[in-house]
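Undergrad: Here are the chains, one letter per residue:
Number of protein chains: 2
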Amino acid sequence: MNNDGMLVVLSGPSGSGKDTVLSEVYKTSDDLVQSISMTTRSPRDGEVDGVDYYFVSEEYFLNAIDDGRMLEYAKYGTNYYGTPKEPVDNWLRSGKTVILKIEVQGAENIKKLYSDCVSIFITPPSLSVLEKRLRLRGTEQEEDIVRRLNTACDELQKIKYYDYVVINDALVNAVEEVKSIILAEKLKVSRRKNIISEVTKNV
Amino acid sequence: MNNDGMLVVLSGPSGSGKDTVLSEVYKTSDDLVQSISMTTRSPRDGEVDGVDYYFVSEEYFLNAIDDGRMLEYAKYGTNYYGTPKEPVDNWLRSGKTVILKIEVQGAENIKKLYSDCVSIFITPPSLSVLEKRLRLRGTEQEEDIVRRLNTACDELQKIKYYDYVVINDALVNAVEEVKSIILAEKLKVSRRKNIISEVTKNV
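Just so you know, the sequences run in chain order A and B. According to this note's numbering, the first sequence is numbered sequentially starting from 1. According to this note's numbering, the second sequence is numbered sequentially starting from 1.
Think of the hints as simulated: they come from the structure by calculation, not from any bench. Check before you lean on any hint, since a few could be wrong.
The list treats identical chains as one, so a pair stands whether inside a single copy or across any two.
[Claimed, not checked] Straight-line distance between alpha carbons at most 27 Å, and here's what the computed DSSO-like set of lysine-lysine pairs gives: (1) 27 <-> 75; (2) 160 <-> 179; (3) 160 <-> 188; (4) 193 <-> 75; (5) 201 <-> 132; (6) 201 <-> 158; (7) 201 <-> 160; (8) 111 <-> 193; (9) 193 <-> 85; (10) 193 <-> 158; (11) 85 <-> 201; (12) 193 <-> 27; (13) 186 <-> 96; (14) 96 <-> 85; (15) 27 <-> 201; (16) 85 <-> 160; (17) 186 <-> 158; (18) 132 <-> 85; (19) 85 <-> 158.
Put together the whole structure using the sequences plus the hints.
TA: Written as structure tokens, this is what we have:
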């Protein structure tokens, strides 16, 4: 078997439901590793440090950038988000499928570094659905909602740089679609360098 | 929505179980159209004309080639196998997903004609498993079995020209894998030209 891991980049606007989709995908697949992002923003209610994100100070984050320990990072609004590099490289070397949930800005950098990564964009069915979701969340000020919608509109233009797009209308379908993409990518001949010798070896 | 259909080319050595896999895939998906091949070989027990193949005479087959009515054809052993072109093009125009089950020789021609087709190679786990399956089938003479194994060994070298490879060890897994490949391919951004205007239209 090809022992190389696979890197999956997953992005989507705030309110696209990418966290919910991902947590369902993890429940049904033992083989996946979730990379945990680091951020300088404050935790929302219920978010746990080291599970949802590593919540750090801006000073800590900027030092990690200077030391070359970040795979990618982006400033989004007034906060930094990014991915520590070392654990990702270790998982890939051990053959794991690593999912990076990252902001749209950061995804472009990853594709430059890992040319065979798989990128998935999760989108709400429309901007008006997104607006409803953000209001229902009830944690955002009006000006934050307007800012997030504007940002989402910009981000949706970047779909064209991704390999796959999943419309998160019904959760169960979106979960199945993400799982199918990951499974299909593992079956690509280009990822299975030794497949011919595998199936012809027992002559 | 993008109204273009998708062409799926599926090949595999005789005894790889591709027919069984395909019939299971069709059971669970309403959206698929199976292209029926034409052949000059005799029907096996239980095979039905117009369902499994169009069984025709060599004269009829050669005329269809001369008239340009064949999408692809190949001589395999002493028999011709091929795909009539017109129904495939009609289905693709109407947005269907069309599956072509064709011989390895023929698959190369299809890829030249339909550059965005998806190609899947179904393989037994090993040549020794294939040999067992051919003997269990009980319909083949010893010399036919030897010839089929030699052909299979040649065909397996062609895996590298396909997009995906599915190892048919456990049927239920092989079916799930083929279904995932088809679903994932439909989610490719490159196949969804209007996706950005779709999700941003309701501002």
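Undergrad: If a hint holds in the structure, say so; if it doesn't, say that too.
TA: The hints, checked one at a time:
Taking identical chains as interchangeable, the C-alpha atoms of residue 27 and residue 75 are never at most 27 Å apart, the minima being 30 Å within one chain and 49 Å between chains. Both within a single protomer and between protomers do residue 160 and residue 179 lie at most 27 Å apart by alpha-carbon distance, with minima of 21 Å and 25 Å respectively. With identical chains, the CA atoms of residue 160 and residue 188 are at most 27 Å apart both within one copy (22 Å) and between copies (10 Å). In this assembly of identical chains, the alpha carbons of residue 193 and residue 75 never lie at most 27 Å apart, being 38 Å within a copy and 30 Å across copies at closest.
Taking the closest pair of Cα atoms, residue 201 and residue 132 come within 27 Å of each other only across two copies (15 Å); inside a single copy the shortest separation is 57 Å, beyond that limit. For the homomeric pair residue 201 and residue 158, the shortest alpha-carbon distance between copies (15 Å) is at most 27 Å, but the shortest distance inside one copy (45 Å) is not. For the homomeric pair residue 201 and residue 160, the shortest alpha-carbon distance between copies (16 Å) is at most 27 Å, but the shortest distance inside one copy (42 Å) is not. When the C-alpha separation of residue 111 and residue 193 is checked against a cutoff of 27 Å, the pair qualifies both within a copy, at 21 Å, and between copies, at 21 Å.
In the homo-oligomer, the alpha carbons of residue 193 and residue 85 lie at most 27 Å apart inside one protomer (26 Å), although the nearest pairing across protomers, at 34 Å, exceeds that limit. Within a single copy, residue 193 and residue 158 get their C-alpha atoms only as close as 31 Å, which misses the 27 Å cut-off; across copies the closest is 13 Å, which meets it. Taking the shortest Cα distances, residue 85 and residue 201 never come within 27 Å of each other, neither inside one copy (38 Å) nor across copies (37 Å). Taking the shortest Cα distances, residue 193 and residue 27 never come within 27 Å of each other, neither inside one copy (29 Å) nor across copies (32 Å).
For the homomeric pair residue 186 and residue 96, the shortest alpha-carbon distances inside one copy (11 Å) and between copies (25 Å) are both at most 27 Å. Taking the shortest alpha-carbon separations for residue 96 and residue 85, only the intra-copy value of 15 Å comes in at or below 27 Å, while the best inter-copy value is 43 Å. With identical chains, the CA atoms of residue 27 and residue 201 are never at most 27 Å apart, being 36 Å at best within one copy and 34 Å at best between copies. Proximity of residue 85 to residue 160 under the C-alpha cut-off of 27 Å is restricted to the intra-copy arrangement: shortest distance 26 Å within a copy versus 33 Å between copies.
Both within a single protomer and between protomers do residue 186 and residue 158 lie at most 27 Å apart by alpha-carbon distance, with minima of 25 Å and 19 Å respectively. In this assembly of identical chains, residue 132 and residue 85 lie within 27 Å of each other by CA distance neither inside one copy nor across copies; the values are 36 Å within and 48 Å between. Taking CA atoms no more than 27 Å apart as the test, residue 85 paired with residue 158 passes inside one copy only; the shortest distance there is 24 Å, against 38 Å between copies.
The structure does not agree with the numbered hints 1, 4, 11, 12, 15, 18 stated previously, though it agrees with the rest.
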